[in-house]
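Please arrange chain V on chain C, whose structure you already have, making use of the hints.
There are 2 protein chains.
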Amino acid sequence: MNYFIGAAIGEETRVLLTLFIMLAAAKFMAELFERLRQPAVAGEIMAGILIGPSLLNLAAPTEITSILAEIGVIFLLFNVGLETRPAAIFKVGKSAAIVAVLGVVLPFGAGWLLMIAWGSTTVESLFVGTALVATSVGITARVLSAMGLLDAPTARIILGAAVIDDILGLLVLAVVSSMAAGTVNYVEILTTAALAIGFTIFIAVVAAPVVTRVAPRADRLRSGHGMFILGLILCLGLSVAAAFIGVAAIIGSFLAGMALAEASEDHPNMHRQINGVTEFLVPFFLVNIGMQLRLDVFRSSSVVVLCVLVTLVAVATKLFGCGLGAINLGIRRAAQVGMGMVPRGEVGIIVAQIGLSLAVIGPELYGVVLFMAVATTLIAPPFLKILYATEPAAQAEIGPADAGGIVASEDLCNIG
Amino acid sequence: MNYFIGAAIGEETRVLLTLFIMLAAAKFMAELFERLRQPAVAGEIMAGILIGPSLLNLAAPTEITSILAEIGVIFLLFNVGLETRPAAIFKVGKSAAIVAVLGVVLPFGAGWLLMIAWGSTTVESLFVGTALVATSVGITARVLSAMGLLDAPTARIILGAAVIDDILGLLVLAVVSSMAAGTVNYVEILTTAALAIGFTIFIAVVAAPVVTRVAPRADRLRSGHGMFILGLILCLGLSVAAAFIGVAAIIGSFLAGMALAEASEDHPNMHRQINGVTEFLVPFFLVNIGMQLRLDVFRSSSVVVLCVLVTLVAVATKLFGCGLGAINLGIRRAAQVGMGMVPRGEVGIIVAQIGLSLAVIGPELYGVVLFMAVATTLIAPPFLKILYATEPAAQAEIGPADAGGIVASEDLCNIG
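Which chain is which? The protein sequence lines are C and V, in order.
Just so you know, we're using the working numbering here: the first sequence kicks off at 1 and counts up by one.
Just so you know, we're using the working numbering here: the second sequence kicks off at 1001 and counts up by one.
There's no promise every hint is true.
Here are the simulated distance ranges between beta carbons [claimed, not checked]: (1) C/R217 <-> V/L1113: 51 to 61 angstroms; (2) V/V1303 <-> C/A193: 49 to 59 angstroms; (3) V/P1209 <-> C/I197: 58 to 68 angstroms; (4) C/R217 <-> V/I1386: 24 to 34 angstroms; (5) V/L1058 <-> C/F298: 42 to 52 angstroms; (6) V/D1296 <-> C/G362: 27 to 37 angstroms; (7) V/L1058 <-> C/I197: 22 to 32 angstroms; (8) C/R217 <-> V/K1091: 43 to 53 angstroms; (9) V/N1057 <-> C/D296: 50 to 60 angstroms; (10) V/F1298 <-> C/V205: 48 to 58 angstroms; (11) C/A194 <-> V/S1301: 52 to 62 angstroms; (12) V/R1037 <-> C/K91: 43 to 53 angstroms; (13) C/R222 <-> V/K1094: 34 to 44 angstroms.
Calculated directly from the structure, the hints in this document are not laboratory data.
We put the CB at the ideal spot given by N, CA and C, even for glycine.
Next comes chain C alone, as it looks inside the complex:
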């Protein structure tokens, strides 16, 4: 029916075509990378660079690709949450907090100093520092779930640290943004902090046990697929709540997954259905990151140098900062944690977009931050694969009751 048609309908077909190209390119590159023994995640991001505006220009980021990407990473973290018991995170809480704090302070400070030394203004330097702060935990979670290692002890630390890291990143962004605007409203920032921390603790401590108790009733729904529907509603609902409070939507979906982890244990079908949604949408998340890269920023060699320097600082500060926080686990595991916190992905991109929209950074610095965000996302997966290569899959640790979880983990093993 889309033949004759005005803008509205022809537009829909063009959007469908874009989505098809994104999906097909992602899966082709994933397969290619797997055959080269490289992580599929990196392949899918590369697919985005390839088809994006910089190279083949077959597709470009739009509102629709961004929303699908956002829903994709929301489901990715929901999936990870479903495999994660709150207790497992609480147990590593202290380590995770130290990792998160060091992984915020070092990148921020080093990024700021680098830019000052480069001759940027104070506000610009503060913004680049801020962009180096927050980890995009989706990338690491994807790599670890593909290896069946979401239960590894360092995986728990990375997940816990990513939650704390996101809240700290929110606060740094709040302070720096209001400094850029001229006045620092401490009341507002403290309110933001209180809300973010309160929300997280409320979900983890109060809501999760309630959900665990109430969720089994979902099976009684006449309209069927009760646990799956409950999962969808909790996942989207808490994501929206998190976004409104100011933390990343994925924090909400991760918490939603954790809240349902126990109740959904003996629902392998629900796990497979959620897995289907995730597998369908995650390529849009990964390709959308790749498509952000603009190679036209490399017009001058000084920009190239800056891109490399910022990326080096971004990698080194998380690797050594977060690694330092986990050094009591031994060098190898400290390196796992540090490398797991390296990808900045969509979070770095969002900070760059805010900086641009506040006119705090110009298009050139925006391009540099985007480069750093995409590059850190590409660099981490291969090293993660090597660092975790000898780690035994640790599903048994969470106990024999976790049949659903194990089925899903097997599934996840094949993901990427």
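Relative to chain C, chain V alone:
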């Protein structure tokens, strides 16, 4: 991270909120309707009317809801295709063709005559007639799959007739649109016809057997979930191809599903993953239909009368026209076929949008057609439930090899 933020980011949170409201409202109403022994489909469309601009105004159709709705119905028909063997459709080909032709001629003629009698212009009358032509098979497919009756003999006829119906509808639309534009380009229309028919036959006769033979190799993909990934790519790919050729995207995804039906038989996990994507997205399709209804069209009582008349003609002509085509099956089954072809849903809405964009119909007649599209979609499901109530679930007919299909059908039984 969405706190401080300019339009781009805050917008994303608002979109997430809209999607959450649509999903939650759909599932609440589905459950309510199930408890009242009404079809869940009707409940989800009602949810759209409730939260839409006419009543609570919590959400409105946007480009994003339309795309999600489109992807939703694409996956719905893909799912139905996966349960359908090409042979089963070919077997009923002649009946389906008669049903389709009668179901095109009668609604078009009666709609046109009604509008002429009402005092509309010739072009307006032709356009309303066109809007009455094409069936939205997604609604009926959803009802039948929820009852586990996709294998009923009349279900095959309805599916086959819907494919032919869509092609005929495309041609009627082509002729009427070009008449509205002033000149009828017969070459272009014949090309459209040839492409649409050729595409459909090519997929059904040539591509499907090839896919059946090649698909098992998908399991060898290193990146995992081979059959699921192949399904996604075929589903989106053929949808896009269909849309470019001019037929509805869902014809492409239905054919893609049929092509994979045999190869995916022993892949219950793939069926569950596809089912997960479908269950997640279909509510957006149904709610988006309901949200199209604008009650503000009812400002004059003559419009109310016209809405009722057009809807009556829309129901009666498909019910009796298509029923007549299947009368050799007996009254009850003829009524099943006739009622199964009644919903106009998104196809009627698209024709109305084209009419509006070509300035062939005004906003008032646009509102009337939208009312007809939504009303026929709400009317059919309860009657379908009654007409099919005594039909035995017929999965056994397709033979013992269909384990995957049966698993998926059981799943679908609980849908809605």
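Against the structure, the hints:
Our hint of 51 to 61 angstroms for C/R217 and V/L1113 holds, since their Cβ atoms are close to 54 angstroms apart. Separation of V/V1303 from C/A193 is about 55 angstroms and conforms to the stated range, judged on CB atoms against 49 to 59 angstroms. Checked against the hint of 58 to 68 angstroms, the C-beta distance between V/P1209 and C/I197 comes to roughly 60 angstroms, which is consistent with it. C/R217 and V/I1386 have their C-beta atoms about 30 angstroms apart, which keeps the hinted 24 to 34 angstroms range intact.
For V/L1058 paired with C/F298, a C-beta distance near 46 angstroms keeps the hint of 42 to 52 angstroms intact. In this structure the supplied range 27 to 37 angstroms is violated for V/D1296 paired with C/G362, their Cβ-Cβ distance being about 47 angstroms. The hinted range of 22 to 32 angstroms is satisfied by V/L1058 and C/I197, whose Cβ atoms lie roughly 30 angstroms apart. The given range of 43 to 53 angstroms is respected by C/R217 and V/K1091, whose C-beta atoms sit roughly 44 angstroms from each other.
Between V/N1057 and C/D296 the C-beta distance comes to about 43 angstroms, which lies outside the given range of 50 to 60 angstroms. Checked against the hint of 48 to 58 angstroms, the pair V/F1298 and C/V205 passes, with Cβ atoms roughly 51 angstroms apart. The hinted window of 52 to 62 angstroms between C/A194 and V/S1301 holds, with their beta carbons roughly 56 angstroms apart. Evaluation of the 43 to 53 angstroms hint for V/R1037 and C/K91 yields a pass: the beta carbon distance comes to about 49 angstroms.
Separated by about 39 angstroms at the C-beta atoms, C/R222 and V/K1094 satisfy the suggested range of 34 to 44 angstroms.
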